[in-house]
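Now for the letters of each chain:
Protein chains: 2
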Amino acid sequence: MSKSTVAVDLKILAGRAARAARSLALAETSVKNLALATLAKALRSRARELLAASERDLAEAKRANGPLHILDRLLLTESRLADLIESVTRVQALLDPVGLTEDEKILPNGLQVCRLRIPLGLIAFICEARPSATVEAGALAIKSGNGLLIKAGKEMAEVSALLAEIFAAALTTVGLDSAAVTLLPSVTHDDLKELLTLVESIDLVIPRGGEKLIRFVSENSRIPVLKHFKGVCHLYVDKGADLGMAEELAINGKTNRPSTCNSLEALLVHQSEAATFLPPLGLRLELLGVRLKVDPAAAAFLPNAEPAGLEDWGCEFLNLTLAVKVVPDYAAALDHIARYGSNHTEVIATRNPGRAEHFLRTVEAGCVMVNASSRLNDGGCLGLGAEIGISTTRLQAYGPMGLRELTTTRFIVTGQGHLRT
Amino acid sequence: MSKSTVAVDLKILAGRAARAARSLALAETSVKNLALATLAKALRSRARELLAASERDLAEAKRANGPLHILDRLLLTESRLADLIESVTRVQALLDPVGLTEDEKILPNGLQVCRLRIPLGLIAFICEARPSATVEAGALAIKSGNGLLIKAGKEMAEVSALLAEIFAAALTTVGLDSAAVTLLPSVTHDDLKELLTLVESIDLVIPRGGEKLIRFVSENSRIPVLKHFKGVCHLYVDKGADLGMAEELAINGKTNRPSTCNSLEALLVHQSEAATFLPPLGLRLELLGVRLKVDPAAAAFLPNAEPAGLEDWGCEFLNLTLAVKVVPDYAAALDHIARYGSNHTEVIATRNPGRAEHFLRTVEAGCVMVNASSRLNDGGCLGLGAEIGISTTRLQAYGPMGLRELTTTRFIVTGQGHLRT
Numbered sequence: 001m002s003k004s005t006v007a008v009d010l011k012i013l014a015g016r017a018a019r020a021a022r023s024l025a026l027a028e029t030s031v032k033n034l035a036l037a038t039l040a041k042a043l044r045s046r047a048r049e050l051l052a053a054s055e056r057d058l059a060e061a062k063r064a065n066g067p068l069h070i071l072d073r074l075l076l077t078e079s080r081l082a083d084l085i086e087s088v089t090r091v092q093a094l095l096d097p098v099g100l101t102e103d104e105k106i107l108p109n110g111l112q113v114c115r116l117r118i119p120l121g122l123i124a125f126i127c128e129a130r131p132s133a134t135v136e137a138g139a140l141a142i143k144s145g146n147g148l149l150i151k152a153g154k155e156m157a158e159v160s161a162l163l164a165e166i167f168a169a170a171l172t173t174v175g176l177d178s179a180a181v182t183l184l185p186s187v188t189h190d191d192l193k194e195l196l197t198l199v200e201s202i203d204l205v206i207p208r209g210g211e212k213l214i215r216f217v218s219e220n221s222r223i224p225v226l227k228h229f230k231g232v233c234h235l236y237v238d239k240g241a242d243l244g245m246a247e248e249l250a251i252n253g254k255t256n257r258p259s260t261c262n263s264l265e266a267l268l269v270h271q272s273e274a275a276t277f278l279p280p281l282g283l284r285l286e287l288l289g290v291r292l293k294v295d296p297a298a299a300a301f302l303p304n305a306e307p308a309g310l311e312d313w314g315c316e317f318l319n320l321t322l323a324v325k326v327v328p329d330y331a332a333a334l335d336h337i338a339r340y341g342s343n344h345t346e347v348i349a350t351r352n353p354g355r356a357e358h359f360l361r362t363v364e365a366g367c368v369m370v371n372a373s374s375r376l377n378d379g380g381c382l383g384l385g386a387e388i389g390i391s392t393t394r395l396q397a398y399g400p401m402g403l404r405e406l407t408t409t410r411f412i413v414t415g416q417g418h419l420r421t
Numbered sequence: 001m002s003k004s005t006v007a008v009d010l011k012i013l014a015g016r017a018a019r020a021a022r023s024l025a026l027a028e029t030s031v032k033n034l035a036l037a038t039l040a041k042a043l044r045s046r047a048r049e050l051l052a053a054s055e056r057d058l059a060e061a062k063r064a065n066g067p068l069h070i071l072d073r074l075l076l077t078e079s080r081l082a083d084l085i086e087s088v089t090r091v092q093a094l095l096d097p098v099g100l101t102e103d104e105k106i107l108p109n110g111l112q113v114c115r116l117r118i119p120l121g122l123i124a125f126i127c128e129a130r131p132s133a134t135v136e137a138g139a140l141a142i143k144s145g146n147g148l149l150i151k152a153g154k155e156m157a158e159v160s161a162l163l164a165e166i167f168a169a170a171l172t173t174v175g176l177d178s179a180a181v182t183l184l185p186s187v188t189h190d191d192l193k194e195l196l197t198l199v200e201s202i203d204l205v206i207p208r209g210g211e212k213l214i215r216f217v218s219e220n221s222r223i224p225v226l227k228h229f230k231g232v233c234h235l236y237v238d239k240g241a242d243l244g245m246a247e248e249l250a251i252n253g254k255t256n257r258p259s260t261c262n263s264l265e266a267l268l269v270h271q272s273e274a275a276t277f278l279p280p281l282g283l284r285l286e287l288l289g290v291r292l293k294v295d296p297a298a299a300a301f302l303p304n305a306e307p308a309g310l311e312d313w314g315c316e317f318l319n320l321t322l323a324v325k326v327v328p329d330y331a332a333a334l335d336h337i338a339r340y341g342s343n344h345t346e347v348i349a350t351r352n353p354g355r356a357e358h359f360l361r362t363v364e365a366g367c368v369m370v371n372a373s374s375r376l377n378d379g380g381c382l383g384l385g386a387e388i389g390i391s392t393t394r395l396q397a398y399g400p401m402g403l404r405e406l407t408t409t410r411f412i413v414t415g416q417g418h419l420r421t
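Chains as they are written, first to last, in the working numbering: chain A, 1 to 421; chain B, 1 to 421.
It is worth saying that the hints were derived from the structure and are not from the lab. Check the hints yourself; a few may be wrong.
Pairs count within a copy or across copies, as identical chains cannot be separated in the list.
Stated by the list, open to error - Simulated crosslink set (DSBU-like; lysine-lysine; CA at most 35 Å straight-line): (1) Lys230 / Lys11; (2) Lys239 / Lys154; (3) Lys62 / Lys230; (4) Lys193 / Lys239; (5) Lys230 / Lys41; (6) Lys105 / Lys230; (7) Lys41 / Lys154; (8) Lys227 / Lys11; (9) Lys105 / Lys154; (10) Lys11 / Lys239.
Chain A extracted, bound-state conformation (with noise of 0.2 Å):
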C-alpha cells in the first residue's frame, strides 16, 4: 500500500469516527449503560481468548527483548482482566455527566443562562502496550458521549485485535455506530504524523506511554494534546512525621507497582529524622530488592546504598530504584521538588497542620497528598470510577482524567427577545 493510500484510509477512517462521534454524542444514558454492560459480559466471556492473546503478544515482546517496565504493562493476568471488568461496571454505574445543566441563573435583565454539560467530540487515545487503559479508556469514551480512535502499539497487536471486535459487537448490539470506538489497524509512523494533523476530525489527542511516544506526539500535533508526561513522585517526611506510617508510604510508594507513573523515584527525609527513618527503611527495601541512590548525607545511615549522580534527580527509573536525600529543612524539600517534579504527584508525610495545608497548597503537581501513598493518584482510587489518563498539564484537566474531565459546557441562553444596548 502507499504512503498516500494510508493517509487517505486513516482520513476516511477518522471522518467516520467523528460522524460517529455525533451520534453518540446524542445518545441516551440507557443506550450508553447497556453498551458497557455488554462490554463487560464480553471481556468476561472472551477472558480466555484475551488471556491467550495477551500470552502471545508477551511471548513477541519478549522475543523482541522489550524492557521490562513494557513487558509488565503489557500482560493480562486473570486478576488484572477482573479488575478491568469491574472497572467497565464501575464506569456504567456512575453519573452521566451529559446534559447536566450547571450554574444555572436568570440574569437581573430576565435573560436565563446556563451551562449544558456536553462530549469533547473525537478523542485520539495513542498507547504502546496499554491493554488495560486501552479497555477503560473505551469505557469512559462511550459513556462520557466521546468518540475514540485507538492507535494501539504494535505491542498489543494479538489483544487489539480482539479488542477491536468487541468493542463493535458492544456498540452494534445497542444500536450505536461501531465506529464510535474504532481501533486502528497497524499504523506506521508517517501514519501517525499524518493522523495528528487531522484537525477537522479529531478533537483532542491524549497519549499513553513512554516519554518519548508522549514527546513525539506533542511536537508533531496540531490537535490539542492531554500531556501525561513522566512521573517524577516525591516523598517528603517531615520533621516529627510518624515515621512508622512514612515507612509504609515509601514502601508502597516504591515496591507495588514500580512501572507505574505514580511510584515513587525519590525520597526526602528531614535531617532530624534522618537517623531513626532510613536505616530500618533501608534495611526493608533491601530485602525487597530496591536498589538505593543516596546523597551524602543519606549514606551515612544507609552504608550499603550507591552514591546518587547528578542524573538520578528528576529521573522516572519505572523500576526497583529508589533516590533518597537527606534536606536541612522544609523549604528545601519543596526548592527539589519544584526543581525535580513533573508536576505528577507529591506526597508529605507530616503531623503538622499548618505544613500539611502549605504543601496541598503550593505544591505544582496535579495530586499533592498528604499521609498518603503517591500509588492513590489513580481515577480509581480516588472517586472518578475509573480514568483516561493523569494529566500533567493545567489545560481542560490536571491530575486524574474521569468522565467529567472528558466533556465541556456550552452556554445555553433563553431570552424573550432580549437585545444588547
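Fit chain B to the supplied structure of chain A, relying on the hints for placement.
Coordinates of chain B only, in the frame set by chain A:
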C-alpha cells in the same frame, strides 16, 4: 538588534513573567483587588492621555489604510473607556475562584479528596487592534492569579505603551511583581514564532484578532492555543415565531456593532413566515445601510437585494452585510448551521418549547440561544463579569471565557497512612 538577541530577550521576558506568575498565583484576594482598584483609578485619571494616544493610533491606521472594522476596534472613545473602567471594577467585585475547594468528599476508606482551584500559569495574549480586550485580559489575569504576556498589534502602539506603564504601576503599588503583566515591545513575525515555542514558560496562548492571525498562531504554536476563530452566527426564525421579536433580534444582531464576532452574518427564515417577515425587515435593514445577499427564495420578498454567491454562506462579513435564506423547515435550518456555523453563537427565534429545547441541546456552538440577540454572547452580558475571549474549541473553555475558565483544579488528598493494595 540581531534576530538571536531578540529571541533571547523574549525568552528572558517570558521567564521573568513566568516567575512573576508563580508569585501572583499565591497572592491574597485583597492584594489582587487592590491592584485592580489601582488600575481602574489610573485608567480614569489618565483618560485624557489614553484617548489622545488612541487618536494617534487611529490617525496612523487611517494613513495606512486599515480596514474599517480594525479602525472601529482600535478607537477608544470616552464612553468605551468608561465601560472598560466599569469592567475592571466588575472584575474586582467578582468572587476570586483561586483557592476555592470543590467536590470535597471522604471516600469509603476514609481518604479525603477534593479539588483546589488554581491559576493556569502564564498566558500569552496575542491581539491586533484591541485596546479594550487588552485591558480586560489584564484585569482577568490579575484576578485569576495568572501571569499575562501581551503582544498587542503595532496598530495600537501608542495605547500599548501607556497601558504597559499603567499595569506596571498598579502591580508594584500593591507589592506585586510588575512582570506578571508584561506588554511586549514591538515584536516581529519571527519573534512571534519564537514566542510560540516557549513551552517552558508559557502555559496557554490566547490569540484575539482576525482569522489570519489566529491561523498563524495555531499553526506555529507549540503551546496549547485557545482558539477564537471567526464568528459566523445565524438567526433562524422558526415557523410560528414572534415575528416582531425576531425582527428586533435580526436588527440588533446585525447592526448593534457589526465589527464584532458575535454579530449576525446570516438569517434563516422558515418558508411559512418569509412573506410576512422579510419585506418589512428588508426595508428597515435597508434604511440602516445593511447590504443583503439573498438566496432565490428570499429574493422573491426582497426585490432590492443582491443574489448571494456560494462564498457568502459561512462568510464572516464583519460589516453591514447580511446573508438571507428561506429554508423549507427546521431540519434544513439545522443542516445549514451544521455546515456553515463556526461553533460561536447560534440563535433560534421560536415559540415552540420542544424546538427551543432541541436547538439548545443539539446545535454545536459555544453559545446557543433562544429568543435573544447573538450580541449577548459576551462574558459581561452572560454574567461572567468580563471575558478574555470567546472560545470556539471545546478544550478548557467553550464560549465566553471568564475568571473560572482561566483556572483549573488540582487534586488535594489527605490520608491517615492510606496505601494502595
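Here is how each hint holds up against the structure:
When the C-alpha separation of lysine 230 and lysine 11 is checked against a cutoff of 35 Å, the pair qualifies both within a copy, at 30 Å, and between copies, at 25 Å. Taking identical chains as interchangeable, the C-alpha atoms of lysine 239 and lysine 154 are never at most 35 Å apart, the minima being 48 Å within one chain and 55 Å between chains. Proximity of lysine 62 to lysine 230 under the C-alpha cut-off of 35 Å is restricted to the intra-copy arrangement: shortest distance 24 Å within a copy versus 52 Å between copies. With identical chains, the CA atoms of lysine 193 and lysine 239 are never at most 35 Å apart, being 50 Å at best within one copy and 48 Å at best between copies.
Taking CA atoms no more than 35 Å apart as the test, lysine 230 paired with lysine 41 passes inside one copy only; the shortest distance there is 34 Å, against 46 Å between copies. Taking CA atoms no more than 35 Å apart as the test, lysine 105 paired with lysine 230 passes between copies only; the shortest distance there is 28 Å, against 41 Å inside one copy. With identical chains, the CA atoms of lysine 41 and lysine 154 are at most 35 Å apart within one copy only, with a shortest distance of 26 Å there and 62 Å across copies. Taking CA atoms no more than 35 Å apart as the test, lysine 227 paired with lysine 11 passes in both settings, with 23 Å inside one copy and 23 Å between copies.
For the homomeric pair lysine 105 and lysine 154, neither the shortest alpha-carbon distance inside one copy (50 Å) nor that between copies (40 Å) is at most 35 Å. In this assembly of identical chains, the alpha carbons of lysine 11 and lysine 239 never lie at most 35 Å apart, being 57 Å within a copy and 39 Å across copies at closest.
Of the numbered hints listed earlier, those contradicted by the structure are 2, 4, 9 and 10.
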